[in-house]
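Enquirer: Okay, here's what each chain looks like letter by letter:
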Amino acid sequence: MSAPRPPSVLSAARAVLYKELTLERRAPQTLTAMALFCASAFVIFHFALGRDEVEGALASGVLWVTLALAALLGIGRSFVADREEGGLDGFLLAPAPRTALLIAKATTLLIFLLTVGVFASLLFSVLLLGPTPNGSQWASLALLILLADLGIALVGTLIAGIAIQTRARDLITSILALPLLIPLLIAVTKASEPLLSVGGGTLAWRWLALLGLYDLIFGLLAYALFDYLVED
Amino acid sequence: MPSGTLAVKVGGPMASTEPAVVCSGLVRRYGERRALDGIDLTLQQGQTLVVFGPNGAGKTTLLRVLSTLLRPSEGDASLLGSDLRKEGWKVRSQIGFLGHQSLCYGDLTARENLRYHARLHGIGDAAARIEAVLEQTQLSGRGDERVFGYSRGMLQRLAICRAVLHEPQVLLLDEPRSNLDPAAIEQVEPLIGAAVGRTRVIASHDPAGGLAEADLVLGLRNGAATLLAPAAQVTTEQIAELYR
Chain A
1 MSAPRPPSVL
11 SAARAVLYKE
21 LTLERRAPQT
31 LTAMALFCAS
41 AFVIFHFALG
51 RDEVEGALAS
61 GVLWVTLALA
71 ALLGIGRSFV
81 ADREEGGLDG
91 FLLAPAPRTA
101 LLIAKATTLL
111 IFLLTVGVFA
121 SLLFSVLLLG
131 PTPNGSQWAS
141 LALLILLADL
151 GIALVGTLIA
161 GIAIQTRARD
171 LITSILALPL
181 LIPLLIAVTK
191 ASEPLLSVGG
201 GTLAWRWLAL
211 LGLYDLIFGL
221 LAYALFDYLV
231 ED
Chain B
1 MPSGTLAVKV
11 GGPMASTEPA
21 VVCSGLVRRY
31 GERRALDGID
41 LTLQQGQTLV
51 VFGPNGAGKT
61 TLLRVLSTLL
71 RPSEGDASLL
81 GSDLRKEGWK
91 VRSQIGFLGH
101 QSLCYGDLTA
111 RENLRYHARL
121 HGIGDAAARI
131 EAVLEQTQLS
141 GRGDERVFGY
151 SRGMLQRLAI
161 CRAVLHEPQV
171 LLLDEPRSNL
181 DPAAIEQVEP
191 LIGAAVGRTR
201 VIASHDPAGG
211 LAEADLVLGL
221 RNGAATLLAP
231 AAQVTTEQIA
241 ELYR
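Residue numbers (our numbering), protein chains in the order written: chain A, 1 to 232; chain B, 1 to 244.
Note that these hints are calculated values from the structure, not bench results. This structure is a prediction, so every number in the text was calculated from the model and none was measured. Don't take each hint at face value.
Said to hold, decoys possible - Chain A stretches covered by chain B per the calculated footprint, using a threshold of three residues with CB under 8 Å from any CB of chain B:
hint, segment
1, 21-32
2, 85-99
What the hints assert, rightly or not - Calculated from the model, a selection of chain B residues having no Cβ within reach of chain A, i.e. all distances over 12 Å:
hint, residue
3, Gly75
4, Gly88
5, Ser93
6, Asp107
7, Glu112
8, Arg115
9, Gly122
10, Gly153
11, Ala159
12, Asp206
13, Arg221
14, Gln233
15, Thr236
Just so it is clear, CB atoms sit at the ideal spot from N, CA and C, and this is done for glycine as well.
Same shape as in the complex, but just chain B (with noise of 0.2 Å):
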């Protein structure tokens, strides 16, 4: 399937007219590098995209385009009616974004991470929403610990909380349940799960269980659209073959 021609469009029950990401020939380059060849994607409000493909196919390029990390290098990217190349600062409040690294500092407490990316996003009652969210993720006992002697699951917790702390409209998720075990993941559920309706981006290298929360599927292969169907239409054999 030739790359960067594909789009999609694929409407469900929290879809509304303005759909939340569209990517038009989307070009993002390192170097002489595109790690990102010519995307076409459109994605409706509240549903999810999953992204799959091998390590360095432009997964988490993608995420850093749409989060206003990055800039593309050619071709449009908008989020919620907002040019990501000119109006990125229009979109940042309604972006929840969780990465590789927490972004959290070791040396501050939990509760203090958390205070800080509040004030950063302008949250002014902040102090119930980062009792709830450690509840719910059951870091509240040990939010007045420093991070740097937070598990490697600790910190994805506490990573996921950062990024759904201002409640967000959009969620670009990099693997969010790596580092959890299964009780984790679901008391992580109610905070990135498809149940809360936000319109989610996900980078997942699990086919069942990202085919099982898409709405929509991308396969990238060196930064091309190999994949791009409603998850109705894609087989897990699909995308196992993105990996081989």
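So here's chain A without its partners, still in its complex pose (with noise of 0.2 Å):
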């Protein structure tokens, strides 16, 4: 066996991301309950609001209070194998860059994110949403969702790591995800809201560039603080 070398970040987070995605596709836990909660909900809204159809800003607050809550889900999730089963511990011994946990754990929470908004949105619109949004009003919602999922999964990550270091590892992460996520709702319902209107609208540029600002920020807030994060 040749003398082994240290991973670089990119090789250490591929092995995780895909560890991660093989046993959520041998087990399918995470994204079952994610999309289960949504429909859900989008059935008590329905029976809730005493209304077949909802539009403009009711319609945005519906759709994203719901990915926003299975997202929480999501993020509870994120580092339960590796604590029941000593998974942490495991990469933490080896000799790759911290980095490549953040990273490969994000973007799982991304994939998971983005397959239950673009479900939780057909579904949406096919159980609750009053207008019928166009070609490009549809490309304007993907675009809002990548860009708040993408916020998501590195504000969850985080809290994730920070969770998992607690005993009140469930609290904690509703605890400190909601009110990080509360610009990131504002920003992404106000973008929504005219998308989802009668008539339709056309995409706010400014509440997307706060989306993109808020993505960056807390990128490099994860980036700095994740290894002290996860390491005792």
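Two chains, two separate frames, one set of hints: put the complex together.
Expert: Written out as structure tokens, the structure is:
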């Protein structure tokens, strides 16, 4: 055997990402729970609001509150297998850069969020949404989902990294994640509102820019802090 | 015997000038409780330190500090010349750690788990090494089964495969033969036994077996070292005394 050399960030991140996706494929728990939650929430909203259709600000609020709460499920599950089976220790014992874990975990969460985002948007348009968005509005909504999910994935991985070191993990996830996600949720609901209105509308670029800035700030914060969070 | 003031150096055929493990006034706290309370020891390369002590004495904490999973709260600890507080990253590739958990994922197969750890350790041509350790531990035939169906003994053998996969210089082994039947103990001997020539720190509850493979013996009680001596000078009665 040739002498081992510490793996690069990307090589280690690929290993962790492959492992994460294999685990979810073998025992699909996180995606199933998130998708089921979204479907249930839409049905509840349908009866609670007493309407067959929603549009504009209400539609935007219903969609993003549902997606944000579904994201909490994904964030909470992010390190479950690592905690229960000692996998985090396995990673920390290796000479792999800690940033690789951040990249892999955030990418995994992003993949889950995007999958659920697409599923939930389509379901929402069938079950609750009044106006039918046109092609460019769907494209704008897809861009919003991508930017919002990127921010949620970064913040979520950061919070999950903090939570795994504590005993009140499930509580910490909700307590810390929701307040940190408020700016993102304000921006994305405001940006989505015209896209889900009767008569349609265009994307407000200032909200899009705010989402991009949010992602950048929390990307840098996560990069700077993650090593210290996961190590003793 | 006062704790934290003992330092014994044991020479041997494998010894080199640089000690493998040096602890000086090592303290590890969990909140207010001192899980390790001023440990001083020096272990030369190629030698075996066996740590005895009742449950909660600090054996596992000592291994976790030496593995870089925990930082010392006070004092110093170094492994192969690297300060574990500041330069833990330097020596991780040289540490093989076997704890109470297998550190393997139940929904992955044994081969997938080992491939994952091989990639994290940057082992380029891992396939042959993986097959060799699986063959050695008689897990080769069931290497494509998911690990959650393994018995405790099989899981322990897989954990040993993982710990030695990257051929580390230092083995940190927490009760390595627990859950293993006599045949399995023989199978893992070439991987973790004394003949391998690696520096070993072993936590054990087996006075006779532990003493037989030790160069140096450390006895812990409530985190403090109450016994630290070359194995040749220690009797099983002294070790039994630690548990009373």
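Enquirer: Take the hints in turn and mark each one as holding or not.
Expert: Against the structure, the hints come out as follows:
{"no.": "1", "hint": "21-32", "in the structure": "holds (count 4)"}
{"no.": "2", "hint": "85-99", "in the structure": "holds (count 11)"}
{"no.": "3", "hint": "Gly75", "in the structure": "holds (15 Å)"}
{"no.": "4", "hint": "Gly88", "in the structure": "violated (9 Å)"}
{"no.": "5", "hint": "Ser93", "in the structure": "violated (4 Å)"}
{"no.": "6", "hint": "Asp107", "in the structure": "violated (4 Å)"}
{"no.": "7", "hint": "Glu112", "in the structure": "violated (7 Å)"}
{"no.": "8", "hint": "Arg115", "in the structure": "violated (8 Å)"}
{"no.": "9", "hint": "Gly122", "in the structure": "violated (4 Å)"}
{"no.": "10", "hint": "Gly153", "in the structure": "holds (18 Å)"}
{"no.": "11", "hint": "Ala159", "in the structure": "violated (9 Å)"}
{"no.": "12", "hint": "Asp206", "in the structure": "holds (24 Å)"}
{"no.": "13", "hint": "Arg221", "in the structure": "holds (24 Å)"}
{"no.": "14", "hint": "Gln233", "in the structure": "holds (33 Å)"}
{"no.": "15", "hint": "Thr236", "in the structure": "holds (32 Å)"}
Comparing the model with each earlier hint shows violations of hints 4, 5, 6, 7, 8, 9, 11; every other hint is respected.
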